[in-house]
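Peer 1: Please build the complex by placing chain B on the supplied structure of chain A, with the hints as guidance.
For reference, the chains in residue letters:
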Amino acid sequence: MTTTSPAVQPSARTDTSPPVGVSCTNLAKRFPDGTVALDDVTVECPAGGITVLLGPSGCGKTTLLRCVAGLETPTSGAVLIGGRDVSAVDAGLRGVAMVFQNHALYPDKTAEGNLAFPLKMAGVPKHERTSRVAAVAELLRIDGLLKRRPGQLSGGQRQRVGIGRALVREPDVLLMDEPFSSLDAELRVEMRAEFLALQRRLGMTTLYVTHDQVEALSLADQLVVLRAGRIEQATSAEEMFRRPATSFVAAFLGGMNLLTGTHRAGRLHLPGHPDGLPLPPSVPVPTGDVTVGVRPEDLRPGPGTGADLVLELTTVLTELLGRERLVHGQLGELRVKARLHADIDVGERLIVHASPADLHLFGPDGLRS
Amino acid sequence: MPSRTRFRLPAVALLVPGYVLLFLSVVAPVLVVLVLALFDYDPLLGTADFVALDNFGRVLSSEEFRRALVNTAVYMLLTVPVTLAAAMLVALGIHSVSWGGTFWRNVYFLPVASTMAAMAVAWRWLFYADTGVIDATVGRLLGLEDWLHSTTLALPAVAVVGTWENVGFAVVMFLAGLAGVPPHLVEAARLDGAGAWSRFWHVTWPALGPAVVFTLIITTRNALKVFDQVRVMTEGGPVSSSTTLSYLLWERGIRFLDVGGGSVVTLALLVLILALTAIQLATVGARWERAGTR
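Sequence order for the protein chains is A and B. In terms of the working numbering, the first sequence opens at residue 1 and continues consecutively. In terms of the working numbering, the second sequence opens at residue 1 and continues consecutively.
Looking at chain A on its own, in the form it has when it is part of the complex (with noise of 0.2 Å):
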C-alpha cells in the first residue's frame, strides 16, 4: 500500500485528463461461505478502450468488477487505476462510476435529479450542475425526459439515464455490469451502437461485463474471458476468436465443434466412433489424446480434397437463420453443428470438410497445442 494522499481526489474532474488504464493484480476474492469467486487474477485494462470480461454465469466476472469499483473488498491482491493503489480508498473517492444492470436509479427523484446527485455529492455549485446535467442530457438525447420519474420512463430511457449519471461526473473508469441486459434484442444492439460511439468520442476507459459474446465481440478492445474465478484468456477479439487459448474459450467464443478422442496412426478414434476419423496428413496432430475444433462455419458441405478433414454426419435437427442454415449432425456419440447457405439441400447423411488451416487442436488439459 502506498500513500494515501494522492488517492483523495475530487471525483468529479472537469479537465480532460488523458485516460487511466486499470490493473489488477494477484486479485482473489473468497466468500465467508468459502466460494472462491476469484483466483489469482493479474489483468490490464488499457487506458481508453473498452476491456470485456466475458463468462459464464457465476465465472466471477462480476466480482472483479465490483472489486474494481470498490463494492467488494479482495481478499488479497490490489487494485490500481492510473498507477495508484486504490485497493484501501473508498468507492466513492476512486474516480469510478457505474451502470449497473437493472439500472439503480434513484425512484423518488427526477431523471434530472440522478443526473445531478453524483455533481451534488463531490459539491459542484448549483449553476455548473444544471448546465453539466443539460449537457450530458443532449448528449444521451434524454433532454425532453429530464422532469420525469424513472418510473415513468421505459427501460431504454432508464438506462440511458443510468449511463448520464455515470458519465456526467466524467469518470476516469467507466464499469458497466451488463448493462443492456434487460432490454429487448433489437433495443440491445441499437444501444449497444449507440455506447461504443459515445466511448469512441469521449474516451474513457470502460470495463464491460457482459456473457453475451456477440456483444463482447462487438465492443470489446481488450477480452478477457473468465471461468471459475481464472482468466482464461485475454486478448483483442479479433485475435481470442482467431486463435482461442482454451478448448473453453473456443466453444464459449462462437461455438466451436469439439471432437476429442485420441489419436493413434493418423485416425482421430472418437465415442461412439470406433473406425476412428481420417486426420488430414499435413495438421501435426501429437499422438494420444487430443481435440480437435472446428467453427460451424468452417464446415464447408462435400468432401472437398484429399488434404481437407472430411465428417460424414447423420442430420439431427436444422434451424434456418435467414440465409444461412445451422445444422446440428451426429457423428457418433458426438453432435457436431454445421452452418450451411439456406440454399444447399440437407439429406439424411451430410458430408462436410474443413480445411486445415480452419482446425485448432486442443490438448488434453483444454490448452492450444
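In case anyone wonders, no lab produced these hints; they're calculated from the structure. Some hints here could point you the wrong way.
[What the hints assert, rightly or not] Examples of chain B residues lying across from chain A (beta carbon under 8 Å, computed): (1) G57; (2) L60; (3) E64; (4) L185; (5) A188; (6) R190; (7) D192; (8) A196; (9) S198; (10) V203; (11) S240.
[To be verified] Listed next, with one range per pair, are the computed distances between beta-carbon atoms: (12) A:R148 to B:G18: 35 to 43 Å; (13) B:Q280 to A:L93: 37 to 45 Å; (14) A:G144 to B:L34: 29 to 37 Å; (15) A:A228 to B:W205: 36 to 44 Å; (16) B:L141 to A:K147: 51 to 59 Å; (17) B:P81 to A:K147: 45 to 53 Å; (18) A:S131 to B:F214: 54 to 62 Å; (19) B:W205 to A:G203: 32 to 40 Å; (20) A:R148 to B:A85: 55 to 63 Å; (21) A:A47 to B:W197: 30 to 38 Å.
[As the list claims (entries may be wrong)] Computed list of chain B residues with no C-beta within reach of chain A, every gap over 12 Å: (22) L9; (23) L38; (24) R67; (25) G100; (26) M116; (27) V138; (28) V186; (29) E187; (30) L191; (31) A194; (32) R199; (33) G237; (34) D258; (35) A278.
Each residue gets a CB set at the ideal place from its N, CA and C atoms; glycine is no exception.
Peer 2: What follows is chain B alone, placed relative to chain A:
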C-alpha cells in the same frame, strides 16, 4: 338477469359473515355508546332518562375533561417523537450488525408481546420512591425523586413506559422497511460519492416512507388510547396530573357509574383519533401513496 343473480348470491353469502362480525364488533358498540351518551342511565337502579345533549355539555365543558385532553396531548408529544427517533436508531443499529440481528429484534419486541399491566407493575417497582432503581440512579444524578407521586413527573414516568413498549413495535416495522431498501441503490449512492448521512437521506429514508407513516399513525393512536400503565402506576394521579382521556372514560363510566359521561368521553376520543389519523394521512400520507408507484 339470471346470470347476474347467479353470481351475486355466492358473493353475498360469502360477505355476510364478515359484515355481521364487523357490525357486531365495531358498528354496534359505537351506536350503543352514541345512544348511551344521550341518556342518564343508572345501571344499579336500572333507570334511564333521556337527557338529550346534557351529558355532552356537562362533560365537554368540565375542568377534568380539559385536563385529561391536555394530559393526553402532552403524553402523545412525549412518546411519539421519542419512540420514532429511538426506534429508527435501534433499527439502523440492528440492520447494520452482521450477526445477532434476530436476537436483538426479539429483545426489542418482548415488551410488545408481554402484558402491559404486568409490565407496568414491574415499572411501578422501578419507580418506587427513594429505594426504587430509578430514584437510586437517575434520581440521585438529576435530583428528580419519587416520580409517581409528583404532579410534574407522574405523566413523564407513564410516558417512559409507553415509549419503552412502543419502541419494540416501531423497531420491527422499521426493520421490515429497511429490508426493502434495494441494496443496489445504496451501492449506486456509494459510487456517486454519497457519505453515510447522504445515503440514509437520499436512499434509505425515501424507501422507509411507508413504514414511517404507518408507524407514526399507529403509535399516535396508541398514545391517545393509553390506559394500562396509568391505571397500574398512578391511577391518574396525583391530583389528576396523569389522568388521560382513556383513564377518564374508565373513571366516569365504570368507577363513578356515570355511563352517559363515560360515553361522551369515548366519543370524544374516537373523534380525536379519527381526526388525527385523517390529518396525518393528508399530510405525510402522500409519501405512503407515492411509494406504491415505485
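Peer 1: It remains to establish, for every hint, whether it holds in the given structure.
Peer 2: Comparing the hints with the structure gives:
{"no.": "1", "hint": "G57", "result": "50 Å, violated"}
{"no.": "2", "hint": "L60", "result": "44 Å, violated"}
{"no.": "3", "hint": "E64", "result": "47 Å, violated"}
{"no.": "4", "hint": "L185", "result": "6 Å, holds"}
{"no.": "5", "hint": "A188", "result": "4 Å, holds"}
{"no.": "6", "hint": "R190", "result": "5 Å, holds"}
{"no.": "7", "hint": "D192", "result": "4 Å, holds"}
{"no.": "8", "hint": "A196", "result": "11 Å, violated"}
{"no.": "9", "hint": "S198", "result": "6 Å, holds"}
{"no.": "10", "hint": "V203", "result": "7 Å, holds"}
{"no.": "11", "hint": "S240", "result": "47 Å, violated"}
{"no.": "12", "hint": "A:R148 to B:G18: 35 to 43 Å", "result": "42 Å, holds"}
{"no.": "13", "hint": "B:Q280 to A:L93: 37 to 45 Å", "result": "41 Å, holds"}
{"no.": "14", "hint": "A:G144 to B:L34: 29 to 37 Å", "result": "58 Å, violated"}
{"no.": "15", "hint": "A:A228 to B:W205: 36 to 44 Å", "result": "41 Å, holds"}
{"no.": "16", "hint": "B:L141 to A:K147: 51 to 59 Å", "result": "55 Å, holds"}
{"no.": "17", "hint": "B:P81 to A:K147: 45 to 53 Å", "result": "35 Å, violated"}
{"no.": "18", "hint": "A:S131 to B:F214: 54 to 62 Å", "result": "41 Å, violated"}
{"no.": "19", "hint": "B:W205 to A:G203: 32 to 40 Å", "result": "38 Å, holds"}
{"no.": "20", "hint": "A:R148 to B:A85: 55 to 63 Å", "result": "34 Å, violated"}
{"no.": "21", "hint": "A:A47 to B:W197: 30 to 38 Å", "result": "35 Å, holds"}
{"no.": "22", "hint": "L9", "result": "41 Å, holds"}
{"no.": "23", "hint": "L38", "result": "50 Å, holds"}
{"no.": "24", "hint": "R67", "result": "43 Å, holds"}
{"no.": "25", "hint": "G100", "result": "15 Å, holds"}
{"no.": "26", "hint": "M116", "result": "37 Å, holds"}
{"no.": "27", "hint": "V138", "result": "41 Å, holds"}
{"no.": "28", "hint": "V186", "result": "9 Å, violated"}
{"no.": "29", "hint": "E187", "result": "5 Å, violated"}
{"no.": "30", "hint": "L191", "result": "5 Å, violated"}
{"no.": "31", "hint": "A194", "result": "5 Å, violated"}
{"no.": "32", "hint": "R199", "result": "10 Å, violated"}
{"no.": "33", "hint": "G237", "result": "48 Å, holds"}
{"no.": "34", "hint": "D258", "result": "52 Å, holds"}
{"no.": "35", "hint": "A278", "result": "25 Å, holds"}
Of the hints listed earlier, those the structure fails to meet are numbers 1, 2, 3, 8, 11, 14, 17, 18, 20, 28, 29, 30, 31, 32, in rising order.
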